[in-house]
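Protein chains: 2
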Amino acid sequence: MTPDQPALPAGVRLVTFPCHIDGRGSLAFGEFTRLIPFECRRFFMVHDVPAGASRGGHAHRTCHQLIICMSGHLRVEVDDGRRRADILLDRPDMGLYVPPMTWDVQRGYSDPCAQLVFASHFYDADDYIHDYSEFLVVKGIRQ
Amino acid sequence: MTPDQPALPAGVRLVTFPCHIDGRGSLAFGEFTRLIPFECRRFFMVHDVPAGASRGGHAHRTCHQLIICMSGHLRVEVDDGRRRADILLDRPDMGLYVPPMTWDVQRGYSDPCAQLVFASHFYDADDYIHDYSEFLVVKGIRQ
Numbered sequence: 041m042t043p044d045q046p047a048l049p050a051g052v053r054l055v056t057f058p059c060h061i062d063g064r065g066s067l068a069f070g071e072f073t074r075l076i077p078f079e080c081r082r083f084f085m086v087h088d089v090p091a092g093a094s095r096g097g098h099a100h101r102t103c104h105q106l107i108i109c110m111s112g113h114l115r116v117e118v119d120d121g122r123r124r125a126d127i128l129l130d131r132p133d134m135g136l137y138v139p140p141m142t143w144d145v146q147r148g149y150s151d152p153c154a155q156l157v158f159a160s161h162f163y164d165a166d167d168y169i170h171d172y173s174e175f176l177v178v179k180g181i182r183q
Numbered sequence: 041m042t043p044d045q046p047a048l049p050a051g052v053r054l055v056t057f058p059c060h061i062d063g064r065g066s067l068a069f070g071e072f073t074r075l076i077p078f079e080c081r082r083f084f085m086v087h088d089v090p091a092g093a094s095r096g097g098h099a100h101r102t103c104h105q106l107i108i109c110m111s112g113h114l115r116v117e118v119d120d121g122r123r124r125a126d127i128l129l130d131r132p133d134m135g136l137y138v139p140p141m142t143w144d145v146q147r148g149y150s151d152p153c154a155q156l157v158f159a160s161h162f163y164d165a166d167d168y169i170h171d172y173s174e175f176l177v178v179k180g181i182r183q
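Residue numbers (this note's numbering), protein chains in the order written: chain A, 41 to 183; chain B, 41 to 183.
Only chain A is shown next, with the shape it has when bound in the complex (with noise of 0.2 Å):
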């Protein structure tokens, strides 16, 4: 988080994994239901993003999501509609739970890059909203 932002949106955290470290390696692991706060029914996994290009821009109204930043570096912007945060992502041992109804982009992806993105629900078109002034009116912000 940027130092002038110190409070996450409504319900976004960062969620350290536990990791064990031993003469093979590195393992970080995640539970599903204990830790994170849904089942996972879909992943899904993002690499070659050009210098310069964002992703994401829209809200679910009800999937929830976890975003890990496998190997590289990228940033994710999180946003309730009221409070707006812009988050490093830069280890594999530490994801970034987006509950339903937060607005997020990301962007600023190294080369090479790979993100991992954990969802609540399968695709469903209807679950998006693309314009920020209907998410904010769907939040009770504006009419």
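Hint data in this document are derived by calculation from the structure and do not stem from the laboratory. Every clue listed holds true.
Label pairs and their calculated CB-CB ranges:
1) B/Ala-47 to A/Pro-77: 36 to 44 Å
2) A/Pro-58 to B/Tyr-168: 14 to 22 Å
3) B/Asp-130 to A/Ala-47: 37 to 45 Å
4) A/Thr-73 to B/Gly-51: 25 to 33 Å
5) B/Tyr-168 to A/Ser-150: 31 to 39 Å
6) A/Thr-56 to B/Val-177: 34 to 42 Å
7) B/Ile-61 to A/Val-177: 28 to 36 Å
8) A/Asp-166 to B/Tyr-168: 40 to 48 Å
9) B/Val-55 to A/Asp-164: 15 to 23 Å
These stretches of chain B come out as covered by chain A in the derived footprint (C-beta under 8 Å, 3 or more residues):
10) 66-72
11) 75-83
12) 90-100
13) 150-159
Here a beta-carbon is modelled for each residue, glycine too, at the ideal position from N, C-alpha and C.
Following the hints, position chain B against chain A.
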């Protein structure tokens, strides 16, 4: 797979994930209980494996796993007690499904390498078989 092992061990299969490519990069996705025959309870991420090290070397009694190489490459040896295959994983849009009661060993890790594993169960020490002879007995192949 090596050319002299055309058939995979029982139940083992490679899963190719659908991949969307556009001006923002590549996105490959997988779905649990649809393309992948289990729900994901746990995931782990392996990195910083020293040159020459191997991991795994056990079978699970009940746990299903899916192994993906998100960055770099590694080899996975899978063995059902009768048939063995040595599989190269080197791209994020391909996963190796490893059913319960399959012996597996991972080696040949590149530096760097980011390995991702999905598991159907939480960690349970009693689910592991660490002795290959015992594995064959439990499988009913040896007495």
